[in-house]
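Novice: Read off the chains here:
There are 2 protein chains.
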Amino acid sequence: MTDAGAGAFVERMLAEYRDMVIGTLLRDLPDPGAPGLYELVSSYPSRPGKGLRPALCLATTGALGGDTARALNSAVAVELFHNGFLIHDDIQDQSQYRRGLATLHAQYGVGVALNVGNATNLVALRRLLANRSHLGARLAWRIFQETEIMLRHTLEGQALELAWINDNVCELDDDDYYRMCLKKTSWYTFVYPCRLGTLLASGEYPAAALDRYGWYLGAAFQIQDDVLNLVGLYERYGKEISGDLWEGKRTLMLIRFLRISTDDERERLRGFLAKSRADRTAGEVSWLHRRLLELGCVDAAGLAARQLAAAALAEGTAALAAVPDSDDKRFLLALPSYVISRDH
Amino acid sequence: MTDAGAGAFVERMLAEYRDMVIGTLLRDLPDPGAPGLYELVSSYPSRPGKGLRPALCLATTGALGGDTARALNSAVAVELFHNGFLIHDDIQDQSQYRRGLATLHAQYGVGVALNVGNATNLVALRRLLANRSHLGARLAWRIFQETEIMLRHTLEGQALELAWINDNVCELDDDDYYRMCLKKTSWYTFVYPCRLGTLLASGEYPAAALDRYGWYLGAAFQIQDDVLNLVGLYERYGKEISGDLWEGKRTLMLIRFLRISTDDERERLRGFLAKSRADRTAGEVSWLHRRLLELGCVDAAGLAARQLAAAALAEGTAALAAVPDSDDKRFLLALPSYVISRDH
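Sequence order for the protein chains is A and B.
Following my numbering, the numbering of the first sequence begins with 1 at its first residue and continues without gaps.
Following my numbering, the numbering of the second sequence begins with 1 at its first residue and continues without gaps.
With the rest of the complex left out, here is chain A (with noise of 0.2 Å):
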């Protein structure tokens, strides 16, 4: 396939999966209960989004042999999960939109907003628990221990870049940045739903099958996001651009101007940074951003991600190398340049 089709190919499997990941789930949320909850549940997966995250689960299940149908519950409780990090994350970092539209702390408070992140989460749980019945309790609990690890990973990795922010940490190298990243992100959207997608098909998960390939293939994901929030299109990302830089963000391109720029420039820089949010300037972020790109700080990180994405699909193709091919294994396998080369 051309790089085109494989883009194509990669969309259009995506679309499926979404389908029926989001159409399970909006349809069975459960009712009403209170005012404003469950409603609001259905806000944010009912936006324009990739459904990467349920679509890896499935593919994985579907590319080992497994029958997808019999992982869909999962892949639904994957895909809440994700928003529920979603909405509470926008929360932390005080995002304004998310997938083209207001965030749902900017359009109902954050109490509200926190209150559906929870039940977000709660309705994933009860996806968790209705596993039981049909994949039994012992393949429903390593469902449930898998899933204690992603949200501890989770959890550990937004806490880590919080503290770099709040403590105005700038003392960073790469590899502070790729544990960071591996922890708050590579684990819950590749690792994770991959490590489902193999127990689904399996009952067994073979110690590190796809790990690596999610792990790298999760940095390459991260690295070309951050490269996105500073050069796409709102049209097509869906975030505000350069929110990243007025968030203070450590990313793999900050790492590398705190390292590579005059002592001048760096402490400009450190001045930023030690600022809230709010008292930090358009024009301050517009510097940032031109320097950035001059310092070929953005090309650096485009580099790290095609470099990241290659070794994603060596550890792929390595790990699926006795599986016959087919539609999931051809998708897993296109994934790593498509996540590099993806506008949005």
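One should not assume that every hint holds.
[Unchecked claim] Okay, the calculated beta carbon distance ranges per label pair: (1) B:Glu148 with A:Asp67: 23 to 29 Å; (2) A:Asp173 with B:Leu101: 34 to 40 Å; (3) B:Val285 with A:Ile260: 55 to 61 Å.
[Said to hold, decoys possible] Examples of chain B residues lying across from chain A (beta carbon under 7 Å, computed): (4) His88; (5) Gln92; (6) Asn115.
Simulated from the structure, these hints should not be mistaken for lab results.
All values derive from a computational prediction rather than experimental measurement.
Quick reminder that beta carbons are idealized off the backbone N, C-alpha and C, glycines included.
On the provided structure of chain A, position chain B as indicated by the hints.
Specialist: Same frame as chain A, now just chain B:
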């Protein structure tokens, strides 16, 4: 026993169980993993608190002839979920003090506090997963199911209360209050711990065994809490006095005021409630405080709490009639009187 003797007995039992539970909770937190996460999970549990919920769980197990040591892990989970709720609830209510110290979000910001609340719930979830090895798969799963029900009621109750405040709902009657109170307070504070205690003693949950006891007790407890919020001493109570008025909480007293006051005063209250918390003034809060007392709304709430406590005692006595006498049984039956005579 005299009332004072019964009060001292309850306090002693609470202190004993609290030492066991909080000691275990603080000793067994996960390794750091990230800065500003698990060490902050210990913040609220380390502050002075009654430890009512885990004590109820352990005393129910003991009263029904079960092994409280076997129930300890679940009691720790009950206390953790409570603390997770408190952290999130304080963010939602913009509360400034908790157990005599600054709330977590007032100390560390909303982002960190939200994450620590989630981490607290995660640590509770880990406890529930750990149940499997010492309680067996079946009972561990039943406890998960009860936990899902509890979380659902709590989030729905929270949504109800937030919606009343955000939408400035003033047409409420006592039944609306009791419905919210059952979901937001009674379930997780009384019904859930009693259900877990029963499960842990017998492996089964006999339909509605202690449910009505827990529900009446929860309503009495919440009403007394609302009363203390108006007439308590900060040194004993540990939260802002009149904080509920600043927040516009729909208490039984406020609902009564809306029903019995003159049209003029009702309009004045509606105007007050229509404002944001920040726009309310000390003069308005002071007027409302005085009128709630003068119109007998506080006395009426006190009477309702006493009637509910009597109902709880009757239900508890009936539910435990066949059970031999023990400190745990005496504790459960002394609680109704305790919750309405407490000053903190």
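Novice: Hints first: check each against the structure and report whether it holds.
Specialist: Status of the hints after comparison with the structure:
no. : hint                               : result
1   : B:Glu148 with A:Asp67: 23 to 29 Å  : 26 Å, holds
2   : A:Asp173 with B:Leu101: 34 to 40 Å : 37 Å, holds
3   : B:Val285 with A:Ile260: 55 to 61 Å : 56 Å, holds
4   : His88                              : 6 Å, holds
5   : Gln92                              : 4 Å, holds
6   : Asn115                             : 5 Å, holds
When the structure is compared with the earlier hints, no violation turns up for any of them.
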